[in-house]
Amino acid sequence: MRVRVLYFAAVREQVGKGAEEIDVPAGVTTLAGLRAHLRARGDAWREALAEGKLLRMALNQDMVPQSVTIKAGDEVAFFPPITGG
Amino acid sequence: MRISVQREDFDLGAEVKAIARNPKIGAVASFIGLVRDVNEGAQVGALTLEHYPGMTEKALREIVEEAKARWSLLDCTVIHRYGELKPTDQIVLVVVAAGHRGDAFAACEFLMDYLKTRAPFWKKERTPEGERWVEARAIDDQAAERWQPPAQRPVAR
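So the sequences go chain by chain: H and X. Counting from 1, one number per residue, gives the positions in the first sequence under the numbering used here. Counting from 1001, one number per residue, gives the positions in the second sequence under the numbering used here.
These are computed hints drawn from the structure, not numbers from a lab. Among these hints, one or two may not hold up.
Stated by the list, open to error - Below are the BS3-like pairs computed for lysine-lysine, each with C-alpha atoms no more than 25 Å apart in a straight line:
(1) K17(H) with K1058(X)
(2) K1124(X) with K53(H)
(3) K1086(X) with K1024(X)
(4) K1068(X) with K1124(X)
Keep in mind it's a predicted model, so treat the numbers as computed, not measured.
Could you build the full structure based on these sequences and the hints that come with them?
What follows is the structure in structure tokens.
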């Protein structure tokens, strides 16, 4: 299924892109699964999205835990803890 | 309710004047966040603010809705800038109008505490040593947590 994935701040710098549309393999049904799937792309991805790394995630512009289920057409985002204000 | 995520600077006086037209308003409280020239021991020459277009506006609207549900508010303005900023520049404005000062003060502080942990902005500082991303602070999470009802607060260990 196709999802839109966005990357911000330090994550965006590490993986080298801000946005992409990707076809997610059948076994990937959660944000955690997507994160693991993206880690397999290479060193920069493995480091940027490392399992122990403190990252925040959004699904359709709501902050969510990585256990959440994703479906076709969703917009997901990976980013560091926020520092606005 | 006025929510704006913008590059341009804002004017507190103009925003207060715009908000305070309702004769039921007895209290207007406000907060401005500014860029400082020092952070974590390093001189800050400039700041770049990145944000998640769409989610920032959505998050700010939701935070304001939550404030309106908790306190008796008559109006609210939140403006957050993004882009290139430098020390002494204004970053964020919160203005709250209510019948009385208790609601106005509390909601203003709540909005800032929640904005710091829920509105997707990221700051990158330029220092003499180079550029670095500002780290989120535990104190911001703690500040947001104190607004939660006791049952929802994380248990201290």
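TODO: Take a quick look at whether K1124(X) and K53(H) sit within 25 Å of each other, Cα to Cα.
DONE: Holds, because 19 Å separates the two Cα atoms, which is no more than 25 Å.
Open item on the list: For K17(H) and K1058(X), compute the direct alpha-carbon distance and say whether it is at most 25 Å.
Closed with: Holds. K17(H) to K1058(X) sits at ~24 Å (cutoff 25 Å).
Open item on the list: Can you confirm whether the C-alpha distance between K1068(X) and K1124(X) stays at or below 25 Å?
Closed with: violated, 32 Å
- [ ] Compare the distance between the alpha carbons of K1086(X) and K1024(X) with 25 Å, and conclude whether the hinted pair is satisfied.
- [x] violated, 38 Å
Going through the hint list in order, the structure does not satisfy hints 3, 4.
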